[in-house]
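Asker: Sequence lines, in order, name chains F and H. In terms of our numbering, the numbers along the first sequence are unbroken and rise by one, the last being 934. In terms of our numbering, the numbers along the second sequence are unbroken and rise by one, the last being 934.
Treat each hint with caution, since some may be false.
A pair holds if it fits inside one copy or across any two, identical chains being indistinguishable in the list.
[Claimed, not checked] Only pairs whose alpha carbons sit at most 30 Å apart, straight line, appear in this in silico DSBU-like list of lysine-lysine: (1) K919 <-> K909; (2) K909 <-> K750; (3) K799 <-> K733; (4) K868 <-> K919; (5) K733 <-> K909; (6) K750 <-> K919; (7) K868 <-> K733; (8) K799 <-> K750; (9) K919 <-> K756.
Hints are computed from structural coordinates only; laboratory data are not their basis. Keep in mind the model is a prediction, meaning the values are calculated, not measured.
2 protein chains.
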Amino acid sequence: MSLDNNWFTEQASPTDCAFSLHIKQKLHEEETPFQKIAIYETTEFGNLMTLDELIMLTDRDNFIYHEMMSHPVLFMHPNPLKIVIIGGGDCGTLHEVLKHTTIEKVIEVEIDERVTRLSEQYFPSLCESNTDPRAEFCFQDGIEWMAKAQENSVDVIIVDSTDPLGPGEGLFTVDFYHNCWRVLTAEGLLVQQSESPLLHLPLLQSIHETMRQAGFKTTRSLQFPQCVYPSGWWTATIAGNGDLTQFREEAAHNKSFKTRYYNPEIQKASFALPNFLIEGLPD
Amino acid sequence: MSLDNNWFTEQASPTDCAFSLHIKQKLHEEETPFQKIAIYETTEFGNLMTLDELIMLTDRDNFIYHEMMSHPVLFMHPNPLKIVIIGGGDCGTLHEVLKHTTIEKVIEVEIDERVTRLSEQYFPSLCESNTDPRAEFCFQDGIEWMAKAQENSVDVIIVDSTDPLGPGEGLFTVDFYHNCWRVLTAEGLLVQQSESPLLHLPLLQSIHETMRQAGFKTTRSLQFPQCVYPSGWWTATIAGNGDLTQFREEAAHNKSFKTRYYNPEIQKASFALPNFLIEGLPD
Numbered sequence: 652m653s654l655d656n657n658w659f660t661e662q663a664s665p666t667d668c669a670f671s672l673h674i675k676q677k678l679h680e681e682e683t684p685f686q687k688i689a690i691y692e693t694t695e696f697g698n699l700m701t702l703d704e705l706i707m708l709t710d711r712d713n714f715i716y717h718e719m720m721s722h723p724v725l726f727m728h729p730n731p732l733k734i735v736i737i738g739g740g741d742c743g744t745l746h747e748v749l750k751h752t753t754i755e756k757v758i759e760v761e762i763d764e765r766v767t768r769l770s771e772q773y774f775p776s777l778c779e780s781n782t783d784p785r786a787e788f789c790f791q792d793g794i795e796w797m798a799k800a801q802e803n804s805v806d807v808i809i810v811d812s813t814d815p816l817g818p819g820e821g822l823f824t825v826d827f828y829h830n831c832w833r834v835l836t837a838e839g840l841l842v843q844q845s846e847s848p849l850l851h852l853p854l855l856q857s858i859h860e861t862m863r864q865a866g867f868k869t870t871r872s873l874q875f876p877q878c879v880y881p882s883g884w885w886t887a888t889i890a891g892n893g894d895l896t897q898f899r900e901e902a903a904h905n906k907s908f909k910t911r912y913y914n915p916e917i918q919k920a921s922f923a924l925p926n927f928l929i930e931g932l933p934d
Numbered sequence: 652m653s654l655d656n657n658w659f660t661e662q663a664s665p666t667d668c669a670f671s672l673h674i675k676q677k678l679h680e681e682e683t684p685f686q687k688i689a690i691y692e693t694t695e696f697g698n699l700m701t702l703d704e705l706i707m708l709t710d711r712d713n714f715i716y717h718e719m720m721s722h723p724v725l726f727m728h729p730n731p732l733k734i735v736i737i738g739g740g741d742c743g744t745l746h747e748v749l750k751h752t753t754i755e756k757v758i759e760v761e762i763d764e765r766v767t768r769l770s771e772q773y774f775p776s777l778c779e780s781n782t783d784p785r786a787e788f789c790f791q792d793g794i795e796w797m798a799k800a801q802e803n804s805v806d807v808i809i810v811d812s813t814d815p816l817g818p819g820e821g822l823f824t825v826d827f828y829h830n831c832w833r834v835l836t837a838e839g840l841l842v843q844q845s846e847s848p849l850l851h852l853p854l855l856q857s858i859h860e861t862m863r864q865a866g867f868k869t870t871r872s873l874q875f876p877q878c879v880y881p882s883g884w885w886t887a888t889i890a891g892n893g894d895l896t897q898f899r900e901e902a903a904h905n906k907s908f909k910t911r912y913y914n915p916e917i918q919k920a921s922f923a924l925p926n927f928l929i930e931g932l933p934d
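Make a model of the complete structure from these sequences and hints.
Answerer: What follows is the structure, encoded as structure tokens:
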């Protein structure tokens with residue numbers, strides 16, 4: 652069968668598979684100085700945001716990505732107080748991070764303020780914490796922000812970026828990771844979304860190598876399903892200077908907030924990697 | 652963007668998402684008494700088999716499904732000697748099961764012999780064990796086979812079926828599961844592919860309920876990524892009469908065969924379910 656014009660299709664180049672969502676209507680479209688943003692209403696996945704024709708999130712399944720980009724790394728760090736999010740302008744990651752009541756400050760650094768303004772309008776549930784007094788918004792280039800940030804001043808950096816093409820490209824470089832390493836405290840942790848294990852293994856390998864070249868002593872990937880991203884299977888990669896098997900499991904069991912995907916068993920399970928990944932990634 | 656005619660698209664009705672693969676050429680197509688079988692050469696996923704326009708498998712990612720339909724249940728059963736596979740005519744599951752050298756006999760029951768003959772031609776690596784003397788092929792209806800099978804005679808039944816529509820429909824019923832229960836030994840285990848947790852939760856719930864109505868005391872789902880199936884995320888559900896947390900972990904660690912996805916940590920991780928599934932499924 653072929654799909655009529657009422658579908659949004661993202662082709663995952665160069666892997667030659669594609670994912671499509673049935674669209675009820677286009678709600679908004681604009682060209683910003685950084686990218687083309689579009690918002691659609693789908694028939695079964697709620698609202699959809701695309702950036703430069705790539706699917707960023709839908710109402711239906713964004714909870715998995717946002718929970719897995721925030722809770723595992725936050726329950727790994729022994730005492731995360733100050734967090735920086737690079738990208739993530741839809742504020743879904745920010746919303747999850749702020750569920751941790753022990754966190755004192757979260758700086759949300761998004762290059763394109765329009766992503767956040769449109770998320771407030773079309774994904775209001777992700778933006779419920781935007782007025783939390785612990786949240787600070789900096790609408791500027793995350794690379795510049797990190798280059799100028801004070802050393803040894805942040806506990807966890809979450810790089811909730813687009814793919815390593817277009818505006819997100821500089822967020823996968825030695826220079827950027829080295830600045831993250833410099834800005835993090837000795838116990839600090841960096842987490843970066845790191846694409847599909849099935850489709851983008853060379854890129855995932857390169858992320859590990861680049862993080863280590865930048866100064867991090869240890870790196871470790873975790874994996875989770877993500878229906879609307881290519882292959883439906885995604886990774887995040889954590890970098891630090893010590894043991895990345897640490898886990899405040901009791902705190903995770905006793906967490907005071909609700910999650911739909913995450914739980915402590917999921918955290919442990921997410922680090923169990925298939926053989927082809929164990930063989931393909933550094934120890 | 653829209654896709655040209657060189658793509659095979661499967662629309663996951665009624666959930667209104669679709670997955671497509673770029674096609675180099677159609678290698679074969681035929682109507683059997685049971686279904687329409689087509690084989691394509693894709694640009695990046697190797698060969699593709701479809702049944703009634705639904706994607707069954709590709710060279711690139713079938714290893715995950717076949718390993719996860721076989722090794723977890725076989726390493727749960729204390730001593731699996733006699734196995735029955737219902738469906739699975741492509742022989743990928745059979746190939747994985749026969750890697751267990753302690754297994755004495757595997758009966759492969761496929762309603763449509765043409766699926767197997769075409770798999771031998773277009774997916775030869777999946778059929779490498781078809782001449783194993785422990786393998787017996789019965790090209791007949793799995794429902795009938797099970798209704799006539801001797802009680803208390805099989806250790807593990809693997810239902811490697813199509814969706815609960817068309818020829819596979821009867822493999823999701825109380826009658827069929829009751830016959831499985833009757834045919835299994837007291838320690839016997841049934842595993843059934845059980846669709847997407849994100850898209851088909853009511854169906855997954857119904858599979859648990861139906862298995863329990865049929866006589867099984869305990870049921871448990873495991874999950875794994877499967878790129879070419881709707882949502883890229885899939886489950887298998889195991890039914891038995893006792894503790895479904897049993898695991899011959901040492902045997903799994905010492906297994907004499909290679910796997911690309913499966914390992915003992917993956918087995919444990921596959922049973923860690925997200926909160927929305929824990930809440931949605933019976934204890």
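Asker: Regarding K799 and K733, is the shortest C-alpha distance of 30 Å or less found within a copy, between copies, in both, or in neither?
Answerer: within (17 Å within a copy, 66 Å between copies)
Asker: Using 30 Å as the alpha-carbon threshold, which applies to K919 and K756: within, between, both, or neither?
Answerer: within (27 Å within a copy, 36 Å between copies)
Asker: What label fits K868 with K919 when the C-alpha limit is 30 Å: within, between, both, or neither?
Answerer: both (21 Å within a copy, 28 Å between copies)
Asker: Indicate which option fits the pair K733, K909 if close means a Cα-Cα distance not exceeding 30 Å: within, between, both or neither.
Answerer: Close inside one copy (22 Å), not across copies (44 Å); limit 30 Å.
Asker: Measure nothing new, just compare the shortest in-copy and cross-copy C-alpha distances for K868 and K733 to 30 Å and report within, between, both or neither.
Answerer: within (21 Å within a copy, 49 Å between copies)
Asker: When no copy is named, should K799 and K750 be tagged within, between, both, or neither for a Cα gap of at most 30 Å?
Answerer: Within one copy, since 28 Å is at most 30 Å while 57 Å is not.
Asker: Using 30 Å as the alpha carbon limit, work out where K909 and K750 are close: within a copy, between copies, both or neither.
Answerer: Classified as within; 9 Å inside a copy, 43 Å across copies.
Asker: Please sort K919 with K909 into within, between, both or neither, judging by C-alpha distance up to 30 Å.
Answerer: For K919 and K909, both the intra-copy (18 Å) and inter-copy (24 Å) Cα distances are at most 30 Å.
Asker: For the identical chains here, do K750 and K919 meet the 30 Å Cα criterion within one copy, between copies, both, or neither?
Answerer: Result: close both inside a copy and across copies, 20 Å intra and 28 Å inter.
Every hint, counting from the list given before, is met by this structure.
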